[in-house]
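Colleague: Each chain, letter by letter, is given below.
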Amino acid sequence: MVVWTDQERAAISGIMGGLVYEDDGPKALCRCLIVYPWTQRYFGAFGNLYNAEAIKNNPQIAAHGTKILHGLDRALKNMDSIKETYAELSILHSEKLHVDPDNFKLLADCLTIVIAAKMGSSFNPDIQASWQKFLSVVVSALGRQYH
Amino acid sequence: MLSKKEKELLEGAWERLTPVAKYIGADALLRMFTTVPGSKTYFSHLDIRPGSDHLFTHGKKIVLAIAEGAQNIGRLTETLAPLQTLHAYLLRIDPSNFKHFSHCMLIALAVHMGEDFSEVLHAAMDKYLSAFAAVLAEKYR
Numbered sequence: 009m010v011v012w013t014d015q016e017r018a019a020i021s022g023i024m025g026g027l028v029y030e031d032d033g034p035k036a037l038c039r040c041l042i043v044y045p046w047t048q049r050y051f052g053a054f055g056n057l058y059n060a061e062a063i064k065n066n067p068q069i070a071a072h073g074t075k076i077l078h079g080l081d082r083a084l085k086n087m088d089s090i091k092e093t094y095a096e097l098s099i100l101h102s103e104k105l106h107v108d109p110d111n112f113k114l115l116a117d118c119l120t121i122v123i124a125a126k127m128g129s130s131f132n133p134d135i136q137a138s139w140q141k142f143l144s145v146v147v148s149a150l151g152r153q154y155h
Numbered sequence: 031m032l033s034k035k036e037k038e039l040l041e042g043a044w045e046r047l048t049p050v051a052k053y054i055g056a057d058a059l060l061r062m063f064t065t066v067p068g069s070k071t072y073f074s075h076l077d078i079r080p081g082s083d084h085l086f087t088h089g090k091k092i093v094l095a096i097a098e099g100a101q102n103i104g105r106l107t108e109t110l111a112p113l114q115t116l117h118a119y120l121l122r123i124d125p126s127n128f129k130h131f132s133h134c135m136l137i138a139l140a141v142h143m144g145e146d147f148s149e150v151l152h153a154a155m156d157k158y159l160s161a162f163a164a165v166l167a168e169k170y171r
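If you read the protein sequences in the order shown, they are chains R and W.
According to this note's numbering, the first sequence is numbered sequentially starting from 9.
According to this note's numbering, the second sequence is numbered sequentially starting from 31.
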């Protein structure tokens with residue numbers, strides 16, 4: 009089981025508390041689709057993704073980005089049982105959506121970059137470490153039910 | 031492969047970053063040491079505490095080398111030849127650390143540039159740093 013120090017919990021809830029899901033979610037997803045264009049393969053039904061501008065103006069992408077952050081919220085509320093919390097979502101991503109689990113890390117990194125740009129130097133190395141630990145547990149849980 | 035637009039974006043970014051190389055470098059190194067404790071094993075001969083002179087000196091050295099490579103990306107192998115030899119035969123840093131450092135560089139750039147670290151600049155920078163790391167490791171075996 010993952011052990012969280014008080015410092016880590018504070019850092020993680022501090023960051024999540026400062027996020028605007030409808031803004032930062034879309035930003036993170038757009039950044040992922042632009043920086044790692046192959047991730048667009050999962051969004052064929054989402055309309056125009058031809059270039060960075062199109063991606064950033066795409067309302068379906070924006071809605072999906074927001075949805076993803078709400079999903080992350082579940083991990084925050086269940087930090088001592090993230091694996092169990094995401095079991096169903098993991099099965100969904102594996103059996104229905106067929107997402108390569110390596111892609112979860114790419115999105116996680118983009119979210120971290122969005123947060124770093126927003127928080128500036130208050131996103132210090134220790135906070136970065138706590139946040140990345142949180143995301144790596146989430147990423148691992150999402151890939152857990154693949155077979 | 032970097033497009034013309036991406037090369038232009040990188041040129042502009044490095045012009046802006048070179049004067050603050052020591053701060054970016056020290057920040058990236060410190061982030062790597064904090065998030066990947068194993069990376070500290072290569073620095074037992076230096077004082078790598080936050081704010082130390084060694085951290086700034088070394089950080090500056092690394093960032094300026096990366097900036098220099100960006101001035102002529104087509105000739106990266108020639109430019110990096112001495113550093114390739116150094117890393118392969120003397121330092122022998124496990125190349126997985128290049129990826130860790132690149133990630134922390136991107137974070138340091140995001141912290142420093144805020145909104146100006148746009149998605150397309152991020153993409154170009156990530157591509158460039160990956161190419162740089164690959165060339166740096168070329169003489170390992």
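Derived from the structure by calculation, the hints contain no laboratory data.
Treat the hints with care, since some could be wrong.
In silico DSSO-like links for lysine-lysine, alpha-carbon gap of 30 Å or less [unchecked claim]:
id	chain 1	residue 1	chain 2	residue 2
1	W	Lys70	R	Lys64
2	W	Lys129	R	Lys113
3	W	Lys34	R	Lys64
4	R	Lys104	W	Lys70
5	W	Lys35	R	Lys113
6	W	Lys169	W	Lys52
7	R	Lys91	W	Lys52
8	W	Lys90	R	Lys126
9	R	Lys141	W	Lys90
10	W	Lys91	R	Lys126
11	R	Lys64	W	Lys91
12	R	Lys126	W	Lys169
Colleague: Take the hints in turn and mark each one as holding or not.
Modeller: Evaluation of the provided hints:
no., hint, result
1, W:Lys70 with R:Lys64, "violated (39 Å)"
2, W:Lys129 with R:Lys113, "holds (14 Å)"
3, W:Lys34 with R:Lys64, "holds (22 Å)"
4, R:Lys104 with W:Lys70, "violated (42 Å)"
5, W:Lys35 with R:Lys113, "holds (27 Å)"
6, W:Lys169 with W:Lys52, "holds (27 Å)"
7, R:Lys91 with W:Lys52, "violated (41 Å)"
8, W:Lys90 with R:Lys126, "holds (25 Å)"
9, R:Lys141 with W:Lys90, "holds (28 Å)"
10, W:Lys91 with R:Lys126, "holds (28 Å)"
11, R:Lys64 with W:Lys91, "violated (36 Å)"
12, R:Lys126 with W:Lys169, "violated (39 Å)"
This entry does not satisfy hints 1, 4, 7, 11 and 12, going by the numbered hints stated previously.
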